[in-house]
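Asker: Using the hints, build the complex out of the two chains.
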Amino acid sequence: NAGVTQTPKFRVLKTGQSMTLLCAQDMNHEYMYWYRQDPGMGLRLIHYSVGEGTTAKGEVPDGYNVSRLKKQNFLLGLESAAPSQTSVYFCASSYRPNEKLFFGSGTQLSVL
Amino acid sequence: GQQLNQSPQSMFIQEGEDVSMNCTSSSIFNTWLWYKQDPGEGPVLLIALYKAGELTSNGRLTAQFGITRKDSFLNISASIPSDVGIYFCAGPGATDSWGKLQFGAGTQVVVTP
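Which chain is which? The protein sequence lines are A and B, in order.
Residue numbering for the first sequence follows our numbering, starting at 1 and increasing by one per position.
Residue numbering for the second sequence follows our numbering, starting at 1 and increasing by one per position.
Same shape as in the complex, but just chain B (with noise of 0.2 Å):
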């Protein structure tokens, strides 16, 4: 089953506010990634994480991988109307086999001027 709990389910902002969203695991992950999926639209991915403790930036998006390896975050500065959409953690699990890449259940993010 899915291991992966993502928070929160759902987040109302207004333009111009931070977002903040988080990923937890049941173990460990060697790999986290994020993605944005527009609506309509098959996801895209935003950052991808390799190393315990790395900080990584894509412009007005910014993804911690947890030194514990065990949970990741992802934070939206000054928030824009097309930053609308469900933006989904991934990652394979250090003990699974290959291919099942897991993601979480995504957090739906909705923009008001």
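Bound-form chain A, shown alone (with noise of 0.2 Å):
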């Protein structure tokens, strides 16, 4: 089973430049979420979505835009890179609200 699976898994950027990162999702969940993992920090929710075509903001959505066209899919877009926003950005999905959690393997994003 893939279970969640995100592309790309490293990427740099320039200031500036946009990028979309993409998560798929094969358990068929309602729920997806996307985090960034900064040292010393855990994992902080940028943008989630309680499922096909619906978005809500989370803690760190500053920056970051998000689309759920299709259930199994949950993008998330940077439209101008920043510095601040080099971290790991992990993308997860779940079949009830807050609870047990599938993470993919992250995506590694540098912004120079």
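The hints are simulated quantities; they were obtained by calculation from the structure and are not laboratory data.
Heads up, the beta-carbon is just placed ideally off N, CA and C, and yes, glycines get one too.
Watch out, some of these pointers could steer you wrong.
[Unchecked claim] Cut-off 27 Å, straight-line C-alpha distance, at most; resulting in silico cross-link-like pairs (DSSO-like, lysine-lysine):
1) B:K70 to A:K57
2) B:K51 to A:K71
3) B:K51 to B:K70
[What the hints assert, rightly or not] Which bits of chain B does chain A cover? Going by a derived footprint, with three or more residues having C-beta under 8 Å, they are:
4) 38–51
5) 104–111
[Stated by the list, open to error] Pairwise CB distance ranges (calculated):
6) A:S80 to B:S27: 30 to 38 Å
7) B:E54 to A:S105: 28 to 36 Å
8) B:G59 to A:N65: 19 to 27 Å
9) B:V44 to A:S80: 30 to 38 Å
10) B:I28 to A:K71: 31 to 39 Å
11) A:K70 to B:I28: 32 to 40 Å
Answerer: Right, dumping it as structure tokens:
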């Protein structure tokens, strides 16, 4: 089983560039999430979705946009990358909200 | 901001030793989750706790939901090299709106032979 798949695994951007992180899950989960992980800060929620066509802001949404056009996919976009967005990004999904999240293997993003 | 305090930040232990870590919150939690993250991977759920006082085991792992609902503990018995990683506590605060699952900063465990 693939579970939660994130692409790409690594990316380097220049300040001001844009990119989209892709997340796909094959577990038919309604709930999907994007987190960022920074040293000593645990995981912080960027945006989440409670179902196809819905999105909502998390704890640190500024500078990011998301879309959930299909139930199995959740896209995270950076319109104008900044060095402060250098981080490891994790996508996750769950059958019920706020519990038993299944995580992807992460995307290491560096913004120069 | 982050309400979960996880300690210790890191632990260097010898193979065979027991490990204990805990998580405290400034507010009541309805659920406590413990995750492990291997290097270069995403977190994987180890144990989920749903009731105050609940004690749950998963192999050599044991976790407890504190009776005050503001803390949780994770113990690893007889550690082995593959226990290396970062352990996170997490949970939705009872007073938080949906979607805000909070994570502790993590406990880095290093096991030496």
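Asker: Each hint should be assessed against the structure and marked as holding or not.
Answerer: The hints, checked one at a time:
| no. | hint | verdict |
| --- | --- | --- |
| 1 | B:K70 to A:K57 | holds, 26 Å |
| 2 | B:K51 to A:K71 | violated, 32 Å |
| 3 | B:K51 to B:K70 | holds, 12 Å |
| 4 | 38–51 | holds (count 7) |
| 5 | 104–111 | holds (count 3) |
| 6 | A:S80 to B:S27: 30 to 38 Å | holds, 36 Å |
| 7 | B:E54 to A:S105: 28 to 36 Å | holds, 30 Å |
| 8 | B:G59 to A:N65: 19 to 27 Å | violated, 41 Å |
| 9 | B:V44 to A:S80: 30 to 38 Å | holds, 34 Å |
| 10 | B:I28 to A:K71: 31 to 39 Å | holds, 33 Å |
| 11 | A:K70 to B:I28: 32 to 40 Å | holds, 37 Å |
Checked against the numbered hints given earlier, the structure breaks hints 2 and 8 and satisfies all the rest.
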